[in-house]
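Asks: Residue numbers (UniProt numbering), protein chains in the order written: chain A, 1 to 207; chain B, 1 to 353; chain C, 1 to 622.
To be clear, the hints were calculated from the coordinates, so they are not data collected in a lab.
Where a beta carbon is used, it is the ideal one built from N, C-alpha and C, also for glycine.
A hint or two may mislead.
[As the list claims (entries may be wrong)] Derived DEER-like restraints, expressed as beta-carbon distance ranges: (1) SER541/C - ILE72/A: 53 to 61 angstroms; (2) ILE125/A - SER577/C: 16 to 24 angstroms; (3) LYS609/C - ARG169/A: 25 to 33 angstroms.
[Said to hold, decoys possible] Taking lysine to any residue and the SDA-like style, the derived pairs with C-alpha atoms no more than 25 angstroms apart in a straight line are: (4) LYS24/A - GLN517/C; (5) LYS18/A - MET549/C; (6) LYS178/A - ASP5/A; (7) LYS145/B - GLY306/C; (8) LYS75/B - LEU420/C; (9) LYS74/B - GLU415/C; (10) LYS259/B - MET276/B; (11) LYS168/B - PRO314/B; (12) LYS178/A - THR596/C.
Here is what each chain is made of, one letter per residue.
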Amino acid sequence: MSHDDVLNPKQMPHDPEKATLEGKNKFLGFWFFLGGETVLFASLFGTYLALNGSTQGENTPEHLFGLELVFIMTMLLLTSSLTSVYAMYHMKNHNFQKMQLWLVITVLLGLGFLGCEIYEFMHYIHEYEFTFRSSAFGSAFYTLVGFHGGHVLFGLSWITALIIRNQKRGLNLYNAPKYYIASLYWHFIDVVWVFIFTVVYLMGKVG
Amino acid sequence: MRGWMGKFRSLFLFGTLALILSGCGKDNLSALKPKGYSSELILDLMLISIAIMIFVFVIVMAIYAFVLVRYRQKKDDEDIIPKQVEGNKALEVIWTVIPIILLLVLAVPTVQATFDLADRSTQDDDGVLTVEVTGNQYWWHFNYKGEEISSSQELYIPTGERVYLDMKASDVLHSFWLPSIAGKMDTLPGENINTMYLEAYEEGVYWGHCTELCGPSHSLMDFRVVAVSQDEFEQLKEDFRNIDPEAKPETDSAVEGQKTFNNKCMSCHAIGNAPMGVGPNLSNFANRERIAGILEPTKENLVSWITNPDEHKPGNKMPANLVDEQQAEEIADYLLQLDHTDVGEDAPTQSEE
Amino acid sequence: MSTAAAQKSGFLATIWDYLTTVDHKKIAQLYLYTGGFFFLVGGVEAMLIRIQLMKPDNDFLSAGLYNEMITMHGTTMIFLAAMPLIFALMNAVVPLQIGARDVAFPFLNSLGFWLFFFGGVLLNVSWFTGGAPDAGWTNYAPLSTTSPGHGVDYYVMGLQISGAGTLIAGINFLVTIVNMRAPGMTYMRMPLFTWSTFVTSALILFAFPALTVGLFLMMFDRMFGSAFFDVALGGNVIIWEHLFWIFGHPEVYILILPLFGAFSDIFSTFSKKRLFGYSAMVFATVLIGFLGFMVWAHHMFTVGMGPIANSIFAVATMAIAVPTGIKIFNWLFTMWGGQIRMTAAMLWSVAFIPSFTIGGMTGVMLAAAAADYQYHDTYFVVGHFHYVIVGGVAFGLFAGLHYWWPKMFGKILNEKLGKLAFWPFFIGFHLTFFIQHFLGLMGMPRRYWVFLDGQGLNTGNLISTIGAFLMAIGTIIFLINIVYTAFKEPKVGGDPWNGRTLEWAIPSPPPHYNFAQTPLVRGLDPLWVEKMDGKKGMTPSEPLGDIHMPNGSILPFMMSLGMFIAGFGFIYQIDSSSWLIAVFIGMGITLGSMLTRSLKDDLGHHIHKEELERDIKKGAGK
């Protein structure tokens, strides 16, 4: 396949993300990468579960967490996952502008999530003086949720860079895999959040 | 466990093995010369595993030697192409199933012994001694629960009964290893208390080591366990309870030493029953087999230790040059006459051999 | 790249070529040189340790320096010597064995190397900046979190950076093996070395993130005041042990499995027989990899997990002996009935069998949890793991290097010198480590700076030190052999050993596109199949045409350099926040390079048919 075929394909295949060997490699490699990320978060969850009782008698999970904000955050992130699915749907239909639009919406929802999270952390720090250093629970909480927040930030920067870079030239076989794995990454972040919501917030509030 | 192993030991292979291995190492230190319940149980388990392993090794080596001798390429055979064998189901099943059986033979006593050594059923019974052990950089403290006595560096236990150790660390991880009596257990800082038990068969002074890297002087964190008869142990408790930290020494030099000691050393050390301090409790110091766990108990060594402890145990917490040479000698005179009990003095020790 | 190299000339051009290369064969060389260098560094550290332990109460090294020495010896040998040397073999061989022109992610391959390189350099810089890490290679908290100075900070940052490189390399090989196999190369036709690389890569993928997290927690505790391992604030020091060994136990299989693969190929080639019980071997490899994740807590029997957990982990650990035993017997029966040629590579492999069997058996003994209460953290353990790591991994590396050296460099390592290096190393190895089992049982704990006189440990330690010197002599002869071979040995053809697998079907060293035409694989040991059919080489599966190859890039080097600079920033911002500038500059370089990579199209280049035809005329490419 010549360079021209990749950058300006005469006819877009149905799965543009998997049409080239490079694309297939990226696709598979990224799945493996997410496997590694799973272990990473599993380790963080394990650490959190081992330490979530070590509050030094103050600022316990029940005391700190408010489910209203977390519920809004969950909705924002779940919706953004859905919008990124729409984007990929339009990629398969070769409708580039619609794909870009849905990705922009995804980014905006993600930004909303990130804003809430920053507000939440600020709230804990200023209202409760609950910080990274106040107890082993504090360290574990900020590390687990912060790692996820860092992933959200990275994902947003990545998708934004893709949107801007390719706005003028449209979809081709070179950038389709890039879009596709970015959306995979976004789904993964969403799944991790579901676990954080359950393990950290719901279980923290209930038990 | 001991019962049926006793029969096994008479078997030829076991007997030979046990005999060969027991030639290794010093009495009261080597794990191969067990003098307590746990170490004997463990040695039996080791012997089972070694026997199985030697059995497997001999088979592997027999095939190995045969193959290497028989199937070396000869000078003129370079063009011969051997039969390209894919495999052999029967053989493959054999060398899968037999190892599984051998491992089961090992797994059963392993699990039994593991549970046996974790047994704590008698710990809360009346008259059962529990010692609270604390590992510190680089010394050990022993508090005899409910007895209102404590000691450092040397642990006294009665023979013939189980003594439980509730263990923790005050700073970093340490591990309490007494090879000739029992195995080892880590001591952890924080809330975790690990429990093991000692049961010594004979009287003696047993050598123990720290086995978890704990800083520069990790290798110098030795301790002794002095096992004495149950009567003697009662006597020892009595003697320790009656220690008078203010007792006046006989010589003038020691009297001076006591004054300096009380002034400069008592903020960290203690004599007699006291809570654990920054430094070891020095009760019965005159009868210690080693100074600081490692040095021969001479006055010269003690003075050298007092004036410059870092030279002997790098990184320990005792400050150098706290006293001058003269004062150090007086303190040494004082400490070396702290003979609080006669118990344990005639217990056989490794260093006598 | 050939075109880029042609434009510049001389030494600088060569340097630039290696800095930017994405060719798996050149990256293999980089891994070999760097890994070899660190192997020598770790070896010198080992010698210093053995000199210190030559006699009782020795004061050759100070206590603090000794702890730095043991820490760096372990860390260097595992992360900076064994792993990269294994990656050198994997990179040199695996793409050739599956008939691929390169790995799936050539760019990431280069990135993986440079991350490892800078991580390793960062770790070793600590020697010159006030003290190396001193809490043991296992770096247990809270000794590590409270260790004064910056040594442990270097450990954390150095391993974090090189660990990222390893993870990337692991993913790369997984995808390469899944996606890049030549037509006909089914999974059950892959050579054992490729199979074991595949399983190893999966282990890397699932094991290293646990270390990553552990290192992050350690970094946060030491640098940013968190309390994961601070019991005063409710922390728990055992978390580190679990995370470390969830990584650390698979790590030992990461080290040994590829060399199991190498041995399989070597036994088969030099016995002139196909591997006995191929599918059982594959199954055993996968099973060992799988069980490798179930047994981490056998390193923690004395931590106080209780008899139930200890028993479970004991039995699970014993189970690993079964697939390992299957392998030993299959190797023996591969040689059975064969025509054994005792080359240097075969000599190392043959020596591996008894050495590793002993290591495996002491492993089973250690698995007996109750007995481990005596063995744990004594010289018995030191003896055991050196029997598997030296007797397995180091022997395997020597064997693999002898075997594939002609493929990498076009020359056979001198056989006489090769055997001359073997004997002192082999005898020295057993002298050094066999006695250590007994030392341990006689009451010598590991990581002991001095042992006291009068404890019956003097003779054993002296013997051990003498053995270490013999090993050093063997290593020096091997080095002399490399130099001698480079200057004196003649060039050899593509297939000097009468090989069986695909790498021997192409010239030595291979052209940078490996296969002018992708070969068609018709069975296990594809080259042997063709040879038995009376053909000289492989049948191509495609007509001669343009070949697409990736472009070289300096970006991997820059990304890693950025991490290196940021690493210093993280370490020293504890002392002064002005060092945060280094963090920002370093991360800026890294993220900037990543952005460049993401935004700038890089579609690679083509090697044209005419060029290939020229090469083939010159005798290459077929």
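Asks: Each hint needs a verdict: does it hold in this structure or not?
Replies: Each hint, compared with the structure:
1. SER541/C - ILE72/A: 53 to 61 angstroms: holds, 57 angstroms
2. ILE125/A - SER577/C: 16 to 24 angstroms: holds, 20 angstroms
3. LYS609/C - ARG169/A: 25 to 33 angstroms: Since the Cβ atoms of LYS609/C and ARG169/A sit about 30 angstroms apart, the hinted range of 25 to 33 angstroms holds.
4. LYS24/A - GLN517/C: holds, 21 angstroms
5. LYS18/A - MET549/C: holds, 19 angstroms
6. LYS178/A - ASP5/A: Given pair LYS178/A, ASP5/A holds - Cα atoms ~17 angstroms apart, limit 25 angstroms.
7. LYS145/B - GLY306/C: Answer holds: LYS145/B to GLY306/C is near 23 angstroms, not above 25 angstroms.
8. LYS75/B - LEU420/C: holds, 22 angstroms
9. LYS74/B - GLU415/C: With Cα atoms ~18 angstroms apart, LYS74/B and GLU415/C stay inside 25 angstroms; holds.
10. LYS259/B - MET276/B: Cα-Cα ~22 angstroms, so holds.
11. LYS168/B - PRO314/B: With Cα atoms ~23 angstroms apart, LYS168/B and PRO314/B stay inside 25 angstroms; holds.
12. LYS178/A - THR596/C: Holds, because 14 angstroms separates the two Cα atoms, which is no more than 25 angstroms.
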